[in-house]
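**Student:** The residues making up each chain are set out below.
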Amino acid sequence: MRAALMTTVIAGVLALCLGLVAAFYWLAAFLGVASEALFGAGRAYIGLAVANTVTLVLVVVMVIASLLTVAERKWSSMMQDRIGPNRARLAIIPGLKNRSLGGIPHFMADGLKMLTKEDTIPAQASRGLFALAPMLAFGPVFVLFAVVPVAPAIPAADIPGIAGIASSWGVNASFPVALTVAPNLDIGLLFIFALSSIAVYGTSLAGWASNNKLALLGGVRGASQMIAYEVALGLSLVGCMMAFSSLRLDQMTAAQSAGLFGGALPAWGLFLQPAGFLLFFAAAFAETKRAPFDAPEGESEVVGYFVEYSGMRFGMFMISEFVEIVVLSAIVTSIFLGGYHLPLPPAWGVEPWIAAHWGSFALGAIYGLCFLMKLAVMIWVQLLIRWSLLRFRYDQIQTLGWKILLPLALANLLVTGVLILLDQSLDLLGIVGLAELALLIGITVLYPAKRPASVRYSGQPLAAQAPGAHGH
Amino acid sequence: MAHDPRHTPHEFHIEEEKGLTWFERLYVPAILRGLAVTTKHFFANLFGDRDPNPQVVYRKGTLGNAVSTVQYPEEKIPYPVGYRGLHRLVPREDGKPRCVACYMCATVCPAQCIYIEAGEYADDPIEKYPTTFVIDELRCVVCGLCVEACPKDAIRMDTFTHTPPEYRRDGFVYPVERLLKGPAVGYPSDPWVKRPDSKQPPQHVPFHGLAKHSTEPVAPKAKHPVGPAHPERPVFQEADLPKPLAVNDPKR
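Which chain is which? The protein sequence lines are A and B, in order. For any residue, its number in this note's numbering is found by taking its place in the first sequence, counting from 1, and adding 346. For any residue, its number in this note's numbering is found by taking its place in the second sequence, counting from 1, and adding 1295.
Errors might be hidden in some of the hints.
Computed footprint of chain A on chain B; a stretch qualifies when at least three of its residues, placed anywhere within it, have a C-beta under 8 Å from a C-beta of chain A [claimed, not checked]:
{"hint": "1", "stretch": "1330–1342"}
{"hint": "2", "stretch": "1350–1363"}
Partial list, computed: chain A residues near chain B (C-beta under 10 Å) [stated by the list, open to error]:
{"hint": "3", "residue": "Met352"}
{"hint": "4", "residue": "Thr353"}
{"hint": "5", "residue": "Trp554"}
{"hint": "6", "residue": "Leu624"}
{"hint": "7", "residue": "Ser734"}
Just so you know, the hints here were simulated from the structure itself, not pulled from any lab data. Bear in mind that the values here come from a model prediction, so they are computed numbers and not experimental data. Glycine is no exception: its CB is placed at the ideal position from the N, C-alpha and C atoms.
This is chain A alone, in the form it adopts within the complex:
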């Protein structure tokens, strides 16, 4: 019953995403044609940028981030054998009076609550910086999505209806349409590193401007944690940069459509760089400041840098965390999980077949759907980790960053460099990567679980002992 319902819902979400991606393509092409008509030939990029900013950043990222506020609680409840939020109702809509809708209306209730709560500012706070901090936490993470390629470039003329509109406006629809806000940014990953580091200012300023010792300590914890993981974060991706010979995410994604071992396996970053994947994921997870790396916040016990914030200012910190989740998932998907490519061996030739039979527009829409699905899976994995692991102690965080991740990243860099030098076709790198993955999975599955026995009876079994002999 519930299984059928859930399967239907998931299928519906898939269909919705497919339609959304197609609509995004169409809107981008339409605005591109319009801007060509308005600003002259060759100015389609203005319309494309506007369309992609609205659809990708505001619709995809913002809507997913808002829904994540519900998903976090609902999914955590499922992982913990609870029911989760299900009391908010859309009672104003007649048919939905007594339907919980899976708890989804809660995000509207949350938003309403955030907006209507009193916005308190401590009397001794530094007011300007206090107001600036949430914006500095909020803004940069949005910008990161600009370089993420959601779906590849297709000719605008392939999108149905666009050629007709273009000819009726006297414009030549010959420009490519890609679902990327900033498609040709050569610095690519460096842009991500640079802007993700700005978020630390939000943390530190929030702690400092609150004029609260606990908030200041939280801000300092956050700053030192983010600095500790910044190095490992960058180094862990250098292997991928070498393997794909690019800094641009769209080129890295395109490079992953190539096949390893003659097309038997897609050349995903995960297969080429499993160690890099784990290191990057751990480091980026620490950058998002979520459990198990949430020592800077520690809402429940060691109150953190946003302890003095309330209302929508706090909401901005919270939403920026969820946006970070989305962006991190998008980057991991683009670099390690083949981006928008179908998770199929290139040797099967599915993608060229779709392009030949259904057209490049259909292929683009399927690519976008594929990207969104991978994005959703990675988001889910992050929440899974967040609800499975306990918070690291502060010294453990620093130890992990400096003493484990950093040396491992350097070693990975060395090994990757040698392997690429030996074999330019990346097959050797793939063999070593698959061996690493097999080793990891083998140890995980095969190593016998042993429960620690802190108290162990010696000698005879319990039943054989004299009654009362083990007593008080």
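Once you have looked at the hints, place chain B on chain A.
**Tutor:** For chain B alone, coordinates are given in the frame of chain A:
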């Protein structure tokens, strides 16, 4: 202190903390195993149907759904036998209260929450009856002494409900109209049954047992309507109850 021979030091020992094993120090496999546990719960609860059985330990959801929440207003855990709920004044077969206004309950009540005024039936010079019988449910400490003190089995606490919430304090002062409810109880020994002009059939309702009956008010003249503030009583069946453990059960 003399050496107790039962305390031989080699009987058990506490192992020293040895730190983590090499497997645990790898972290990632252990984390993956932990994630597998969480994932299993997630999908079992996502795709499986929840069993709403209010006895949580007996729940068996499909596909391994193990949600243990009781959705309170919709689902209620049945109260155990002998639960002391809201009082009721037990009616006779003719709808009058069994109470003979003997003041035993009011006297024994440690919270002094019962107030009685006695009167006489015009057609019956033998038994008294309460012209006023008031229980302040806010003062009541739910000790059940009134039930034990009553010589006529006229007050019981077998309604299996809480005192419902009220907006005013005087709403918690229950008059006879709100207290007189539930099934009638009669005994062959009841004097009004034994009298030659009695038309009431002798009937025996056991004192102990479950409330398998409706406990709706008998008198339609109740001042306070039965509505949302007076929720339905739990449907209470013996099969729902946890099985008592056997005497030799090791879990006892």
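**Student:** All hints, please: hold or fail.
**Tutor:** We went through each hint and held it up to the structure:
1. A stretch counts as covered by a chain when three or more of its residues have a beta carbon under 8 Å from one of that chain; for the stretch 1330–1342 of chain B and chain A the count is 9, and the coverage holds.
2. Counting residues of the stretch 1350–1363 of chain B whose beta carbon lies closer than 8 Å to any beta carbon of chain A gives 6, which reaches the threshold of three, so the coverage claim holds.
3. Taken as an interface hint, Met352(A) checks out: its beta carbon lies about 5 Å from the nearest beta carbon of chain B, inside 10 Å.
4. With a least beta-carbon distance of about 8 Å to chain B, the hint placing Thr353(A) at the interface is held under the 10 Å criterion.
5. For Trp554(A), the shortest C-beta to C-beta distance to chain B is roughly 34 Å, which exceeds 10 Å, and the interface hint is violated.
6. Annotation: interface hint on Leu624(A) holds; nearest CB of chain B at approximately 6 Å, less than 10 Å.
7. Interface restraint check for Ser734(A): the shortest CB-CB distance to chain B comes to about 4 Å, inside 10 Å, so the restraint holds.
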